[in-house]
Amino acid sequence: KNEVEQSPQNLTAQEGEFITINCSYSVGISALHWLQQHPGGGIVSLFMLSSGKKKHGRLIATINIQEKHSSLHITASHPRDSAVYICAVNSSGGGADGLTFGKGTHLIIQP
Amino acid sequence: DAMVIQNPRYQVTQFGKPVTLSCSQTLNHNVMYWYQQKSSQAPKLLFHYYDKDFNNEADTPDNFQSRRPNTSFCFLDIRSPGLGDAAMYLCATSRYWGVNGELFFGEGSRLTVL
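Keeping their order, the protein sequence lines are chains A and B. In terms of the working numbering, the first sequence opens at residue 1 and continues consecutively. In terms of the working numbering, the second sequence opens at residue 112 and continues consecutively.
Read the hints as simulated data drawn from the structure, not as lab findings. On a predicted model such as this, the values are computed, not experimentally measured, just so you know. Please note that a few of the clues may not be correct.
[As the list claims (entries may be wrong)] Below 16 Å or equal to it, Euclidean Cα-Cα: the simulated EDC-like pairs (lysine to aspartate or glutamate) are: (1) B/K155 / B/D170; (2) B/K155 / A/E3; (3) A/K54 / B/E168; (4) A/K103 / A/E17; (5) B/K155 / B/E168; (6) A/K68 / A/E3.
[Claimed, not checked] Away from chain A, derived, C-beta distances all over 10 Å, residues of chain B: (7) N118; (8) P172; (9) L225.
By construction, the Cβ of each residue, glycine as well, lies at the ideal position given by its N, Cα and C atoms.
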C-alpha cells in the first residue's frame with residue numbers, strides 16, 4: 001500500500017508570501033490529486049497530475065515521477081487561501097485501492 | 112451549480128437508530144465513492160462503485176452498507192450507528208478510475224450520534 005507523506009503539517013504565513021507544500025509517496029502512481037478543504041466544509045479538487053506541471057490562477061502544482069514527489073505552490077497568498085491542503089494518490093497497476101490520502105497541511109494566512 | 116449533492120448536510124441521530132445519507136450527481140460519472148472523515152484525520156474510503164460493480168474496502172465495518180440504484184444516486188446506510196461513527200461522510204465521483212479520474216466531491220454530510 002502506498003504511503004503518502006506531506007510537509008509541513010502546519011504552516012502559518014503572512015499575506016503575500018509564496019507558499020510551498022510538499023508531498024512524497026512510496027510506490028508508483030497513476031495520478032496525484034491536490035485537494036482543498038475549508039474548516040467544516042467539503043473537499044474541492046484543485047489539480048490532478050500524472051506528469052509535469054499545472055497552473056490555475058495563483059496555484060501551481062508540479063510532480064517529479066522519478067523522485068516520487070509533488071509540490072503545491074501558492075503565489076501572493078491571501079487569507080482566503082487558509083484551508084487544509086490534502087495530497088492523494090491513485091496507485092498504479094489498477095485494482096480497487098481507491099485513493100491514498102496524506103494527512104493534510106493546515107495553512108493559515110494572516111492579514 | 113453543484114454537481115455532486117449530498118443530503119442531509121447535517122444529521123443528528125441516536126445511538127443505534129439507522130441513518131441513510133444520499134448522494135446525487137449530474138455529471139453522469141461512472142465511479143462513485145463514499146469516504147468517512149473523522150476530525151483532523153484523512154478521509155478513509157468505505158466503498159466505491161464502478162458503474163454497478165460494488166467494491167467494499169476490507170476494513171469497512173458490516174454496520175455500513177451502500178446502494179446505487181442508478182448512475183445518478185448512491186446511498187450510504189448505517190444500520191446501527193455507534194458513537195464512533197460520528198464523522199463527516201464525503202461522496203465523490205469521477206468519470207474514470209485512475210489516471211483520467213478527476214475527482215468531484217460533495218459538500219459532505221456531518222453525522223452526530225447522541
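### Task
Check each numbered hint against the structure and report the violated ones by number, ascending.
The structure conflicts with hints 3 and 4, although it agrees with all the remaining ones.
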